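Trainee: Residues per chain, in single letters:
There are 2 protein chains.
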Amino acid sequence: MLTCLRRSAQKVNSFGRRTISSRRLVYENFGDPAKAILLQQYDLPKKLENKSVHVKWLGTPINPADINQIQGVYPIKPPMPAVGGSEGYGQIEAIGTEVRSLKVGDHVIPAKSGLGTWCSDAYLSELDVFKIDASLPSTSKATLQVNPPTAYRMLTDFVVLKEGDTIIQNGANSAVGQAVVQICRARGIKSVNIVRKRETPDAQKKLEEHMKSLGADLVITEEQLIKEYRGKFNPSLALNCVGGRSALLLAMALDHNGVMVTYGGMSKQPLSIPTGPLIFKDIKLCGFWMSRWYENKDNVKERVMMYEQLGEWIKTGKFHPPQLVARKLEEHQLALEKAQTDHSCKQFFVPND
Amino acid sequence: MLTCLRRSAQKVNSFGRRTISSRRLVYENFGDPAKAILLQQYDLPKKLENKSVHVKWLGTPINPADINQIQGVYPIKPPMPAVGGSEGYGQIEAIGTEVRSLKVGDHVIPAKSGLGTWCSDAYLSELDVFKIDASLPSTSKATLQVNPPTAYRMLTDFVVLKEGDTIIQNGANSAVGQAVVQICRARGIKSVNIVRKRETPDAQKKLEEHMKSLGADLVITEEQLIKEYRGKFNPSLALNCVGGRSALLLAMALDHNGVMVTYGGMSKQPLSIPTGPLIFKDIKLCGFWMSRWYENKDNVKERVMMYEQLGEWIKTGKFHPPQLVARKLEEHQLALEKAQTDHSCKQFFVPND
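If you're matching them up, the sequences are chains A and B in order.
Its first residue numbered 1, the first sequence is counted upward by one per residue in my numbering.
Its first residue numbered 1001, the second sequence is counted upward by one per residue in my numbering.
What the hints contain is simulated information worked out from the structure, not anything from laboratory work.
None of these values were measured; they are calculated from a predicted model.
It cannot be assumed that every hint is accurate.
Said to hold, decoys possible - Straight-line Cα separation of at most 25 Å, BS3-like style, residue types lysine-lysine; simulated pairs: (1) A:Lys284 x B:Lys1112; (2) A:Lys284 x B:Lys1297; (3) A:Lys162 x A:Lys197; (4) B:Lys1297 x A:Lys268; (5) B:Lys1284 x A:Lys112.
Said to hold, decoys possible - Per label pair, the in silico range of CB-to-CB distance: (6) A:Lys212 x B:Thr1156: 46 to 54 Å; (7) A:His343 x B:Tyr1229: 37 to 45 Å; (8) A:Thr341 x B:Asp1298: 29 to 37 Å; (9) A:Lys315 x B:Tyr1229: 38 to 46 Å; (10) B:Thr1156 x A:Tyr42: 55 to 63 Å; (11) A:Ser21 x B:Lys1227: 47 to 55 Å; (12) B:Lys1212 x A:His343: 49 to 57 Å.
Just so you know, even glycine gets a beta-carbon here, dropped at the ideal spot from N, CA and C.
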């Protein structure tokens, strides 16, 4: 990693302090991400504030929410111009005189969403970043903040799940869905995974094999759920990132007192929810948004414990990051195009390469 | 009321005990209620069990759930032959030797659903009935068990509502809806009431006036909600008995952390629920079923308090029963037809008239 650090240009300003020149991917207007994003050179402030830290970003992925934010369709709209990206990991390069919780060399991830991580260097408040285990693999550190915690919290905060219990999810091969499968396996929870029907039996089989290699107990299409598996399992938890009729099938499959947690709406259709299970089976529906969980200061201790648990699973080979394709900041146009078209792997920037 | 009691035929059986002959409305098969229901004469058992009571039913309404149960489309299916009706009030005529909680002359309502109240006389377990204030008006006693408590619980158990808070409901002129309006007025809670557009402006005005006379703060159609009132109020509670797109409008209107409680599905369409408010506004959806609440023995004390509060509102003129049309058991065919076609008033049997 140390070789990366040489890339930041340093120059001496008129007051004798060295100015750090950094590069960042910014947008000034909402629009097509591949066109709206520009690579910009800029100078960091001359002085690092007493409670601030200098972070060098080392791996910062492109997530669907980042794309939506640039498109202007995400509910949170940043002030313009904005730096793209909200996930990633970096290394502390320098600290202000009053910083106590971090030291030079620590590895950190954003403490909250919307930090703008697609840049080589940034001065940030000590409170804006969260220390993580530096010994984890780079790809895991770069993708530790959004999807694995979303899966982890949804499997923890809504229903008490014991070993042997069953959960059901749609969009099961999404990044969160794959994290759900792996956490279920690690915890001894059975997962029923609904995926869209692939164009060829071969593609279907390949997807099924991949999901099963991660730990999926059952990988089926909506059609199979209706025709072959109706009433065959009584999950107490359903995870929905699709909406529309797919949500209806999950709701129908839920056991008495079951809970459906919605964290996405890939079909862009409202959830269709049958009345009967709400009234007579007392099922409940709620949503989950990782950003809101992070914003709640009461969760700090739990956050440390969650990263420790995820870290342990990562180190013992029970939890794998998604497949990543590293891109330099200069490759932003290609990376942003690929992020929207090629769902077989995740694009991520290596801002200091 | 005492004049009613003379109607039960009593005869002396071979052991010298008097056998009580009663009349009841029964069905042996699911089907069209007006055809499936028959009036039957039958003898009560010769001996009243030690822990049983003899109840004379005095006023027993026809509710939509009763109709659905006879049609066979209700999730709870009684063993056949079944006596219709699950609400109403009666008077204790005699008690078994070990009955402690009730005495002759007490007025009671069913303690649970599905008791079969459309009959003149019944021997029931002491635990199957629940003592109420005999001094309440007959029409209030006959309709005390289902709709006012449904409204009461939905306004109590899901969200903490303070004076001045706002709730929103669809199907606002349903029996429960009208109870909601009156309880809101009594508690100082503002109610926004969505009703279907009537065929003429006159009919619309008449409905609005009726709802306002009960205490409705605002009576509007879905169209008005969309065009004139979007974002104008931020209710923390939405009550849904319609489903379909109407549920979507309620969900969109809900404030952050708002709750939508579903207690009916009059449109026979699944609820349409937008993804955004679930994730980004953290709204929640659940269902309410009065029968389940009654089944929970932990609620007995709360049930007494609820009836006391409702009784106080009834006596002080703050809560009115729906308009009732009294029918003798012999008029069952007409009553059951009217119950399905004439929604301006509720049919109820006076089994001992």
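Trainee: To test your reading of the hints: which numbers does this structure violate?
Mentor: Hints 3, 4, 8 and 9 are the ones this structure does not satisfy, whereas the remaining hints hold.
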